[in-house]
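Q: Sequence:
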Amino acid sequence: MEQGSAREGARPAYAPGVFPHAPAGRRIPEGRVPEQARGEQPRTDRTDRTGQARTEQARGEHTHSEPPAPRAVQRHSVRGQILDALRAALVDGELVPGQVYSAPALGARFGVSATPVREAMQRLAVEGAVEVVPNRGFRVSERGPRELAELAEVRALIEVPVMLSLARTVPAHRWSVLRPLAEATVTAAAVGDRAAYAESDRAFHRAVLTLSGNEQLVSVADELHRRSQWPLVSNPATRRADLLADASEHTALLDALIAQDLNVVQSLVREHFTGADG
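Read in order, the letters of the sequence shown correspond to residues 16 to 293 in this note's numbering.
Bear in mind the hints are in silico, worked out from the structure with no lab data behind them.
Fair warning: this is a prediction, and the values are worked out from it, not measured in the lab.
Virtual Cβ for every residue (Gly too), placed ideally from N, Cα, C.
Careful: at least some of the hints might be erroneous.
[Unchecked claim] Listed next, with one range per pair, are the computed distances between beta-carbon atoms: (1) Pro119 x Ala256: 36 to 44 Å; (2) Pro119 x Ala187: 53 to 61 Å; (3) Ala187 x Val115: 49 to 57 Å; (4) Leu232 x Ser128: 33 to 41 Å; (5) Pro149 x Ala274: 19 to 27 Å; (6) Pro149 x Asp270: 48 to 56 Å; (7) Gln114 x Ile173: 30 to 38 Å.
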């Protein structure tokens, strides 16, 4: 289920064709947002509006200031797109543990400046996926089996009791709604798309835990899940057959939850964590 192996011989993250989410020649847009898109009037009537505002203030009428141009929001959107692509590259082993990547080089690959790339990398550094290397860039963190085992243990401590509690209280029809999410993991595994599998895997677990009504629990569990999907330093890429085996456990878990078979639920969830090789 969780991904934790690095692809041997992976190409540098800035090599052409590495990021399917940002094909060569396609730029992630930056720059100013048109005034009309921001809800502003063209410049030609700003003088009239200013004069009108002063007149209203002189009469004691209240005016509402317009929101500032959302340039920062636009930059955040670019950073978010790059962050998603970098996370996918991490899971897929395209960003190799131990290697250093510079923001300008990655920015050139995406067709954007180094700034949003650097911001996205800083976020990954906070999460522990990369380390800052002064004057060079960011080194992908090197992780071993022990860290992965520890993450699996903590996740089991959180998710097993929650799922057992949900199995006792959640009606069958609510579990059935999650069937498409479980099937999405099977679809991604069938084509060997590790990045898509990682995302659909987390989506399924989030949906299950969301039924607890505890938003903090969902947030903590999702962060642990994401960290468990980062590649290990020396393991080969997860085989498609292993992905399919892990994905099939999602549908089996749903069946056990619907049947309120607590023993099977507990066994499946624990095996799901401890039996995964990534």
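Q: State for each hint whether it applies.
A: Tested hints:
no.	hint	result
1	Pro119 x Ala256: 36 to 44 Å	holds (40 Å)
2	Pro119 x Ala187: 53 to 61 Å	holds (54 Å)
3	Ala187 x Val115: 49 to 57 Å	holds (51 Å)
4	Leu232 x Ser128: 33 to 41 Å	holds (38 Å)
5	Pro149 x Ala274: 19 to 27 Å	violated (56 Å)
6	Pro149 x Asp270: 48 to 56 Å	holds (52 Å)
7	Gln114 x Ile173: 30 to 38 Å	holds (32 Å)
In summary, the one numbered hint that this structure violates is 5.
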